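I would like the entire structure built from these sequences, with the hints used as guidance.
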Amino acid sequence: MSIFMKATLRINPYRAEEFLKVLRENLIPMMEDRGWRLHACFVGRFGPINPMVVTDIWEMEDMAHVERVLKDFSYRSDPRYLASQSTLESAVLQEEVEFMELKAGRLETCYP
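Per my numbering, the sequence shown starts with residue 1, numbered consecutively.
None of these hints come from the bench; they were simulated from the model. Every value quoted in this text rests on a predicted model; they were computed, and no experiment measured them. All residues carry an ideal CB built from backbone N, CA and C; glycine is no exception. Among the hints, erroneous ones may be present.
What the hints assert, rightly or not - Simulated restraints, written as ranges between beta carbons of each label pair: (1) Ser77 x Tyr14: 15 to 23 Å; (2) Tyr111 x Ala7: 15 to 23 Å; (3) Lys103 x Ser77: 34 to 42 Å; (4) Asp62 x Glu18: 32 to 40 Å; (5) Leu70 x His39: 13 to 21 Å; (6) Leu107 x Tyr14: 28 to 36 Å; (7) Ala64 x Glu96: 16 to 24 Å; (8) Met1 x Lys71: 14 to 22 Å; (9) His39 x Ala64: 13 to 21 Å; (10) Tyr14 x Glu67: 28 to 36 Å; (11) Glu98 x Pro48: 16 to 24 Å; (12) Arg45 x Phe73: 16 to 24 Å; (13) Phe46 x Phe73: 36 to 44 Å; (14) Pro79 x Ala7: 35 to 43 Å.
Rendered as structure tokens:
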């Protein structure tokens with residue numbers, strides 16, 4: 001059964017475009033190479049503008065899949081991560097993650 005992660009990031013609004021570019025070009029492909037699937041990336045339109053709020057919904061096979069990817073830290077030596085590191089350090093002010101199970105709705109899952 002799939003597990004979902006909601007990542008809520010508070011971003012320096014002056015670095016937002018740079019952050020979103022790094023996310024699209026480097027981080028999403030890097031994590032998808034490890035089997036994670038991004039279902040959506042939302043950017044707040046109303047509410048706080050400083051910091052800007054970005055919310056990602058990721059799907060993984062199960063919690064063991066999450067632990068395999070995060071425990072070995074191999075993503076930290078990936079050239080895409082290394083190229084993104086300075087942007088992440090200057091743009092991300094705070095990150096919160098929450099793991100969830102899908103109980104209702106129409107989301108097409110990647111893992112049975």
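Hints and how they fare:
Remark: the range hint 15 to 23 Å for Ser77 to Tyr14 is contradicted by a beta-carbon distance near 29 Å. A hinted range of 15 to 23 Å for the beta carbons of Tyr111 and Ala7 is consistent with their spacing of about 18 Å. For the pair Lys103 and Ser77, the supplied restraint of 34 to 42 Å holds, since their beta-carbon distance comes to about 37 Å. The beta-carbon spacing between Asp62 and Glu18, approximately 33 Å, falls within the hinted interval of 32 to 40 Å.
Between Leu70 and His39 the Cβ separation comes to about 19 Å, which falls inside the hinted range of 13 to 21 Å. Taking the beta carbon of each, Leu107 and Tyr14 are about 33 Å apart, inside 28 to 36 Å as hinted. Evaluation of the 16 to 24 Å hint for Ala64 and Glu96 yields a pass: the beta carbon distance comes to about 22 Å. One distance hint, 14 to 22 Å for the beta-carbon pair Met1 and Lys71, holds here, with the actual separation near 20 Å.
Remark: the range hint 13 to 21 Å for His39 to Ala64 is upheld by a beta-carbon distance near 20 Å. Separated by about 35 Å at the C-beta atoms, Tyr14 and Glu67 satisfy the suggested range of 28 to 36 Å. Judged by the Cβ atoms, the range 16 to 24 Å given for Glu98 and Pro48 holds: they are separated by roughly 18 Å. Distance hint check for Arg45 and Phe73: the Cβ-Cβ separation is about 35 Å, which falls outside the suggested range of 16 to 24 Å.
Taking the beta carbon of each, Phe46 and Phe73 are about 37 Å apart, inside 36 to 44 Å as hinted. About 22 Å separates the C-beta atoms of Pro79 and Ala7, a value inconsistent with the hinted range of 35 to 43 Å.
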